[in-house]
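Asks: If you want the building blocks of each chain, they are given just below.
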Amino acid sequence: MVDKRFFINNGPFNLAKIAEICDAKLMDETKGNIEVSDINTMLAAGNGEICFFYDKKSKEKAKEIKAAACITNQELADFVDKDVIVLISENPKLSFFKLNYAFYEEYKAEAKVSDKASIHKTAKIGNNCTIGDYAVIGENAELGDNCVIEPNVTIAKGCVIGSNCRIGANAALSYCIIGNGCYIYTGARIGADGFGFNTIQGQHKRIPQLGRVIIGNDVEIGANTCVDRGALDDTVIGNGVRVDNLAQIAHGDKIGDGCIIVAQVGIAGSSTLGKYVVVGGQVGVADHIHIEDFAQIAAQSGIMRNVESGAVVMGTPAVPIKDFMRQASFLQKSIKKS
Amino acid sequence: MVDKRFFINNGPFNLAKIAEICDAKLMDETKGNIEVSDINTMLAAGNGEICFFYDKKSKEKAKEIKAAACITNQELADFVDKDVIVLISENPKLSFFKLNYAFYEEYKAEAKVSDKASIHKTAKIGNNCTIGDYAVIGENAELGDNCVIEPNVTIAKGCVIGSNCRIGANAALSYCIIGNGCYIYTGARIGADGFGFNTIQGQHKRIPQLGRVIIGNDVEIGANTCVDRGALDDTVIGNGVRVDNLAQIAHGDKIGDGCIIVAQVGIAGSSTLGKYVVVGGQVGVADHIHIEDFAQIAAQSGIMRNVESGAVVMGTPAVPIKDFMRQASFLQKSIKKS
Amino acid sequence: MVDKRFFINNGPFNLAKIAEICDAKLMDETKGNIEVSDINTMLAAGNGEICFFYDKKSKEKAKEIKAAACITNQELADFVDKDVIVLISENPKLSFFKLNYAFYEEYKAEAKVSDKASIHKTAKIGNNCTIGDYAVIGENAELGDNCVIEPNVTIAKGCVIGSNCRIGANAALSYCIIGNGCYIYTGARIGADGFGFNTIQGQHKRIPQLGRVIIGNDVEIGANTCVDRGALDDTVIGNGVRVDNLAQIAHGDKIGDGCIIVAQVGIAGSSTLGKYVVVGGQVGVADHIHIEDFAQIAAQSGIMRNVESGAVVMGTPAVPIKDFMRQASFLQKSIKKS
Numbered sequence: 013m014v015d016k017r018f019f020i021n022n023g024p025f026n027l028a029k030i031a032e033i034c035d036a037k038l039m040d041e042t043k044g045n046i047e048v049s050d051i052n053t054m055l056a057a058g059n060g061e062i063c064f065f066y067d068k069k070s071k072e073k074a075k076e077i078k079a080a081a082c083i084t085n086q087e088l089a090d091f092v093d094k095d096v097i098v099l100i101s102e103n104p105k106l107s108f109f110k111l112n113y114a115f116y117e118e119y120k121a122e123a124k125v126s127d128k129a130s131i132h133k134t135a136k137i138g139n140n141c142t143i144g145d146y147a148v149i150g151e152n153a154e155l156g157d158n159c160v161i162e163p164n165v166t167i168a169k170g171c172v173i174g175s176n177c178r179i180g181a182n183a184a185l186s187y188c189i190i191g192n193g194c195y196i197y198t199g200a201r202i203g204a205d206g207f208g209f210n211t212i213q214g215q216h217k218r219i220p221q222l223g224r225v226i227i228g229n230d231v232e233i234g235a236n237t238c239v240d241r242g243a244l245d246d247t248v249i250g251n252g253v254r255v256d257n258l259a260q261i262a263h264g265d266k267i268g269d270g271c272i273i274v275a276q277v278g279i280a281g282s283s284t285l286g287k288y289v290v291v292g293g294q295v296g297v298a299d300h301i302h303i304e305d306f307a308q309i310a311a312q313s314g315i316m317r318n319v320e321s322g323a324v325v326m327g328t329p330a331v332p333i334k335d336f337m338r339q340a341s342f343l344q345k346s347i348k349k350s
Numbered sequence: 013m014v015d016k017r018f019f020i021n022n023g024p025f026n027l028a029k030i031a032e033i034c035d036a037k038l039m040d041e042t043k044g045n046i047e048v049s050d051i052n053t054m055l056a057a058g059n060g061e062i063c064f065f066y067d068k069k070s071k072e073k074a075k076e077i078k079a080a081a082c083i084t085n086q087e088l089a090d091f092v093d094k095d096v097i098v099l100i101s102e103n104p105k106l107s108f109f110k111l112n113y114a115f116y117e118e119y120k121a122e123a124k125v126s127d128k129a130s131i132h133k134t135a136k137i138g139n140n141c142t143i144g145d146y147a148v149i150g151e152n153a154e155l156g157d158n159c160v161i162e163p164n165v166t167i168a169k170g171c172v173i174g175s176n177c178r179i180g181a182n183a184a185l186s187y188c189i190i191g192n193g194c195y196i197y198t199g200a201r202i203g204a205d206g207f208g209f210n211t212i213q214g215q216h217k218r219i220p221q222l223g224r225v226i227i228g229n230d231v232e233i234g235a236n237t238c239v240d241r242g243a244l245d246d247t248v249i250g251n252g253v254r255v256d257n258l259a260q261i262a263h264g265d266k267i268g269d270g271c272i273i274v275a276q277v278g279i280a281g282s283s284t285l286g287k288y289v290v291v292g293g294q295v296g297v298a299d300h301i302h303i304e305d306f307a308q309i310a311a312q313s314g315i316m317r318n319v320e321s322g323a324v325v326m327g328t329p330a331v332p333i334k335d336f337m338r339q340a341s342f343l344q345k346s347i348k349k350s
Numbered sequence: 013m014v015d016k017r018f019f020i021n022n023g024p025f026n027l028a029k030i031a032e033i034c035d036a037k038l039m040d041e042t043k044g045n046i047e048v049s050d051i052n053t054m055l056a057a058g059n060g061e062i063c064f065f066y067d068k069k070s071k072e073k074a075k076e077i078k079a080a081a082c083i084t085n086q087e088l089a090d091f092v093d094k095d096v097i098v099l100i101s102e103n104p105k106l107s108f109f110k111l112n113y114a115f116y117e118e119y120k121a122e123a124k125v126s127d128k129a130s131i132h133k134t135a136k137i138g139n140n141c142t143i144g145d146y147a148v149i150g151e152n153a154e155l156g157d158n159c160v161i162e163p164n165v166t167i168a169k170g171c172v173i174g175s176n177c178r179i180g181a182n183a184a185l186s187y188c189i190i191g192n193g194c195y196i197y198t199g200a201r202i203g204a205d206g207f208g209f210n211t212i213q214g215q216h217k218r219i220p221q222l223g224r225v226i227i228g229n230d231v232e233i234g235a236n237t238c239v240d241r242g243a244l245d246d247t248v249i250g251n252g253v254r255v256d257n258l259a260q261i262a263h264g265d266k267i268g269d270g271c272i273i274v275a276q277v278g279i280a281g282s283s284t285l286g287k288y289v290v291v292g293g294q295v296g297v298a299d300h301i302h303i304e305d306f307a308q309i310a311a312q313s314g315i316m317r318n319v320e321s322g323a324v325v326m327g328t329p330a331v332p333i334k335d336f337m338r339q340a341s342f343l344q345k346s347i348k349k350s
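Residue numbers (the working numbering), protein chains in the order written: chain Y, 13 to 350; chain U, 13 to 350; chain V, 13 to 350.
Hints are computed from structural coordinates only; laboratory data are not their basis. Take every hint as true, because none was put in to throw you off.
Computed list of lysine-lysine pairs in PhoX-like fashion (alpha-carbon distance at most 25 Å, straight line):
1) Y:Lys334 x V:Lys345
2) Y:Lys169 x V:Lys16
3) V:Lys217 x U:Lys266
With the C-beta cut set under 10 Å, the calculated list includes, among others, these residues of chain U facing chain Y:
4) Gly150
5) Asp245
6) Gly296
7) Val331
By construction, the Cβ of each residue, glycine as well, lies at the ideal position given by its N, Cα and C atoms.
Bound-form chain Y, shown alone (with noise of 0.2 Å):
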């Protein structure tokens, strides 16, 4: 079921080296010679396919599996239909996403820089790096070993990016330093000028944008999303953070060890993060604020003040979330007495 065109497969596999893979049991061990060619989700699996059943709300509908195979766990085991192999994990979802690693690796091409790339003659580039068609690698760029710069990225002067990252196509890197291990996903911005003036007789005068922006290592961040550049002090971006597609992280933030953001979240400037904050979708963070490790944000909350460690917010202006859902009850059960 996976698309051979995108995806190399590296099966088949029998149970028993599934089962190893999988940190899994086989119930019927008398099967551990049966191969299995493909993953593929719950119901759509077939003949010579595996899936996983892990979502008690889905208990109903897995005795319609028809899989050669199934991985779940002890308590769901019984839901499954007779017909199908089963083999026990503690973690099936982690089960599945182990026996993912294994049945495909990304298409990888051989590393190599385009002839049709400019590269700046003062450009640092390590071993091993694949450097795509029309992709720009300004004056004294660095890149450590292993790069992957998809076509038409641009990456301006004096960028500096560590070993074994990749940036996705037609991305555009300026004033930042990356670390090693990130992906920078197609079409992010990562440096451009914070959004800072002052406003002298009715003119917005840009307020020079002298910081760069920083980041960790193993940090990914979203197609289209924007890191900007602080005005004297740096955007800075620890270890581990993940952001997903089209937010907009502004001037002087500081987000840290991590961190999950969610698709379109805007973060306005000098705002800080601790360590492991979840930040749900669309959600907005005013400037200035502080948010401490661990809080989670409910989606397209708005946050105007600091938030507790630990906290788990919602609303505009956010709330603790069962005093949002409180108030959303408490609204509606208003309009229908009045």
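On the provided structure of chain Y, position chains U and V as indicated by the hints.
Replies: What follows is chains U and V alone, placed relative to chain Y:
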């Protein structure tokens, strides 16, 4: 008034011909030979130009019309100044649409594959295609006939694009299969990795995204909009769908035929829209939501539960639109009282 | 502290010169010969650096300043540590702005048209322009003097760009007329088709979009922002307007002089903003709305009705900002009571 720099004017047409094109009736048939050279807006139209008047709210302004001729309906005709030649149409908006097409066609250069494009030797290019400068067409990619690929587009390995498609400048496509007659706007990102990962001991490990983006026929995807590919299941966009700019369609979403998705909408992963659903600007839809056929979601709403067929909802969490308006009114009254 | 990799430092300057640049008064005039080599933030500034202190909220931290010199105002001067040389300015923020400009100018390469750009033979290029690699300038397009077109930009047929403009990397322009001194950021999309169609028997038929985008002088359009062209009427952006990243300005909008539009705002078609309107982040404005001069719309608001001159509103639907805050407080009290 339409700028000849950008559009080719096929006029002039005389009013008899215009009546025919517009399915309209010329009130004074002696005027059939009068020529009109251009279309313009109601109040900007002048000598030799024709305008349209179909918005009742503008009736006070209709006497200010200075156009040579005006297409309106029976009900509004009396508001037009007596010096203006009137044509009556049952559907003046549709007439406007038809006359626009008659007067103007978009400038279309002769089909030509730029020698500054990079086309992989294994790519298949249909007949009569235009491929712009610095466009990149990857290994085994396929284009149908009559496609226009604008400059600086990146089409990655294996993508399949049907006939009569247009891919706007600087767009990037990967892992996708696109039908016929589609228009992917400038800067759109199709097929980027879905935002999915497992967090293992504090590290967000990417789940391989093995699905594709499947787009039907006659679909438009707006400027800088992102459509991510699925984790295992495909992301599917049905026939005739219109997506505006800066929207986010996540991994595994299924968008039914004829849906309209306005700018800056975000739909989280694995959600389903039925047919002809209308989603207003900046709406957020949570993951695993089902929105049934013909439902309408007002702008900025947050959809956290399934929406029934034909429902019209608003707010976060969304309620029937009348309830939303009553909630707003209740709130405003409550603070005036207190 | 400012990274020499990206910016050229014009210093050092002695304090007498700095006082002159900043329109400030050196408290101890014997210190006029002391040299300062760089600007830094209040708490990061150290030996040989100057900082600014103008935020009353930071007064507790002012005694931690380790900079050689600090520019502040009369009221705050006493909070600064006695070892720091103090300069007094009536407007320290403006002084900061002026000193930034004196110390740093953006790196500007010598004007050069890349031989890897594709410039149509009919295009007119002004004097002293820089055109980056793989930029595409279409048929009959025109650039004024001193323009900088960054790499991978696409400027379509017939576009007119004034003097002293900068078009950021990977931006795409079509159907537009742009004034002098404008800065279109990386990835911005100017002139795409407005989102307009007629639905005829279940098919969404595109209405020809025959208008243009007209942009005044001294305008900035943020990264990945989209400005669509109009259906017949033009989309018009006045002089001195600032638009942040990822905003959507739809077909036929008229944005008055000096407006400020923050990130991720969406303005639907045919709406009008007067002069100096401020629109906060993630605001949505419905179609055909009029927002009058000097109105201010708080972040995330939804504007469904016209807004009067000078009004300050918030919420969806928007109400005066004080009412919005009282609504929020009323709701929170109501659930505590119940």
